[in-house]
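S.K.: Listed here are the chains, written in short residue letters.
2 protein chains.
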Amino acid sequence: MIENPSPKRTELSELGEFGLIRHLTSDVKITNSSTIKGIGDDASVLDNGELLTLVSTDLLVEGVHFDLSFTPLKHLGYKAAVVNFSDIAAMNGTPKQLFVGLSVSNRFPLEALEELYDGIKLACEKYHVDLAGGDTTSSRSGLFLALTVTGTVEKGKAVYRSTAKENDLICVSGDLGSAYLGLLLLEREKQVFLADPNMQPDLEGNDYILERQLKPEARMDIIEKLGKSAILPTSMIDISDGLASEILHICNDSKLGCRIYEEKIPVDMAAANTAAEFNIQPITAAMNGGEDYELLFTISQSDFEKISTISDISVIGHITDENSGCFLVSNDGVLVEIKAQGFDHMR
Amino acid sequence: MIENPSPKRTELSELGEFGLIRHLTSDVKITNSSTIKGIGDDASVLDNGELLTLVSTDLLVEGVHFDLSFTPLKHLGYKAAVVNFSDIAAMNGTPKQLFVGLSVSNRFPLEALEELYDGIKLACEKYHVDLAGGDTTSSRSGLFLALTVTGTVEKGKAVYRSTAKENDLICVSGDLGSAYLGLLLLEREKQVFLADPNMQPDLEGNDYILERQLKPEARMDIIEKLGKSAILPTSMIDISDGLASEILHICNDSKLGCRIYEEKIPVDMAAANTAAEFNIQPITAAMNGGEDYELLFTISQSDFEKISTISDISVIGHITDENSGCFLVSNDGVLVEIKAQGFDHMR
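Protein chains in written order, with our numbering: chain A, 154 to 500; chain B, 154 to 500.
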């Protein structure tokens, strides 16, 4: 979906590969001193001095990860970038450079790619990240995005998934499940539209969950607050595939178990109402929905008082030994084994 | 094409996304001390101390960049990795870590991806590069590879495209045009096979040009020799799109012109014979063929004696002022303007 359809349509073949990347990136400015050389050579050159360099890469495939019939291209670009920044946040780092691989079929006019890049550039600007390189090519069908982000973290401050300790507290930022409910809403309205193109989509009053789905943010603010409070999480991951899948990553990689409490899991009121509309439990959306891009992390119990002073963080449970397994304690006290039912694009 | 077809066929859906990447990378070992954390977290962690970090990213799309009907998957993996290493060589750097984004449709069995990864791992092993991360997802059709490589170079030693100087000598490693002629040969035999599947492909005696097409190498040896001879090129690029396109990159980015001499351009004898078979001039394959992955670079005239002692490097011309334009001097002394007619996957 092109956000501002206009009569102008420039065919990609008019520009060629080099022309296209030059056109899309001619207004890119470098702002990070660590970016020695950005777009325009065989490789980009970064100077990260005495810091560790973080690298994360992510693929987004049309029809698998996004549906262009209800995803404005500008939002898609923004989200694709932010999702990568979130991976750097999840290492306790700061994103610095973004590299965009873009493969598109000729059915997209130049104007569509400009919108996509507008979204990418907007995200880069907001997060102070340099768009520093990439590759552009044609595809036989569809739109394919391959993003790589590099970032930095001080030595000794990188936080992994595999380093949680027994008795650590499990914390999560923001609220969970909203992005998935936003997706359900968009998919429902798409079906209504397909059945009767005269029907107007009924998205009123759902701004929050729609924004959570279409325009998520990376929680750099949480990383900053943790740093200011001198809290170094013992383990961390971002929630891209749902809380269940992510807590299992931490527990499995750390060879430990966990107890998390349904009553402690933060769910937005509007999201809970939408969940009721769809006849699903809010906890199901939180556990298995995905795409919230909140941070899930563990801290030492000795940091409990410090963490209590930071807003928008919930303590939702604790880490146990491995033999105790991974369980959700439901509101009526039942132990439910946690299983990954998150987004799995291979199925 | 799967190199060793076997009765075993494991569906990707049996493994799921996490299972797949774990399966394909479980035997990956880290050998570079700069790779602090490889596969298995939100981002990889690199420590490049006082060196500059180089990053290059490259997309390979089935049906655009490769034809699986005559490309063994192991070769495809090897080539995809090497092509990226070549980008780091072209910055005068050393590749250190590779990140593989892989998007595949369910028509590929696990065994096919294992072959692809075998090729990638073989290249990593040969070039002492750590396979350090990536992303795997499904596609609606075809195979899509997005590779990112990081490397290092000493401060002050990175070589760009834009820094050639007037009167510099233009040098190229190895020989040119062979990879393109190998492709022509493979495409011809494919057509013969499609017309009559009982015909055996006639590839005898063409080992060299076929290997140039299917299994190219990055010229790290040249980088090493230049370093040992204390020659720092004034500009450099690798030849992925043909000599014409690449020399224009250097001249345009450096705002200079050039003269290159047909008689000086290195062409392999076997390649020249194949060119004759196809009724094309060897110089055309060299100028516009592409995929040779040789290094094209400029050096100061004062380095001429030093460069003469290094084998497998040809001096093919010199840099002029911008107003003199970019010309090839043909064997009969005619000035032919150089135009980019290289591979352009957007057309």
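No wet-lab data here; the hints were simulated from the structure.
Be aware that a few hints might be false.
Keeping only pairs whose Cα atoms sit at most 27 Å apart, straight-line, the calculated DSS-like set for lysine-lysine is [claimed, not checked]:
(1) B:408 / A:308
(2) B:182 / B:318
(3) A:310 / B:308
From the derived model, a few chain B residues whose C-beta atoms are all more than 12 Å from chain A [stated by the list, open to error]:
(4) 179
(5) 346
(6) 421
(7) 433
The beta-carbon is built from N, C-alpha and C at its ideal position, and this holds for glycine as well.
S.K.: Are the hints correct? Go through all of them and say.
M.R.: The hints, checked one at a time:
Distance check on the hinted pair: residue 408 of chain B and residue 308 of chain A sit about 42 Å apart at the alpha-carbon level, beyond 27 Å; violated. Taking the CA atoms of residue 182 of chain B and residue 318 of chain B, the gap is about 43 Å. The hint is violated against a cut of 27 Å. In summary, the hint linking residue 310 of chain A to residue 308 of chain B is supported, as the alpha carbons are separated by about 25 Å, within the 27 Å threshold. For residue 179 of chain B, the non-interface assignment is confirmed: its Cβ lies about 14 Å from the closest Cβ of chain A, beyond the 12 Å cut-off.
Separation of residue 346 of chain B from chain A is adequate, the least Cβ-Cβ distance of about 22 Å exceeding the 12 Å criterion. Against the 12 Å criterion, residue 421 of chain B stays outside the reach of chain A, whose nearest CB is about 24 Å from its own CB. Listed as a non-interface residue, residue 433 of chain B keeps its Cβ farther than 12 Å from every Cβ of chain A; the least gap is roughly 23 Å.
Hints 1 and 2 from the earlier list are contradicted by this structure; the remaining hints agree with it.
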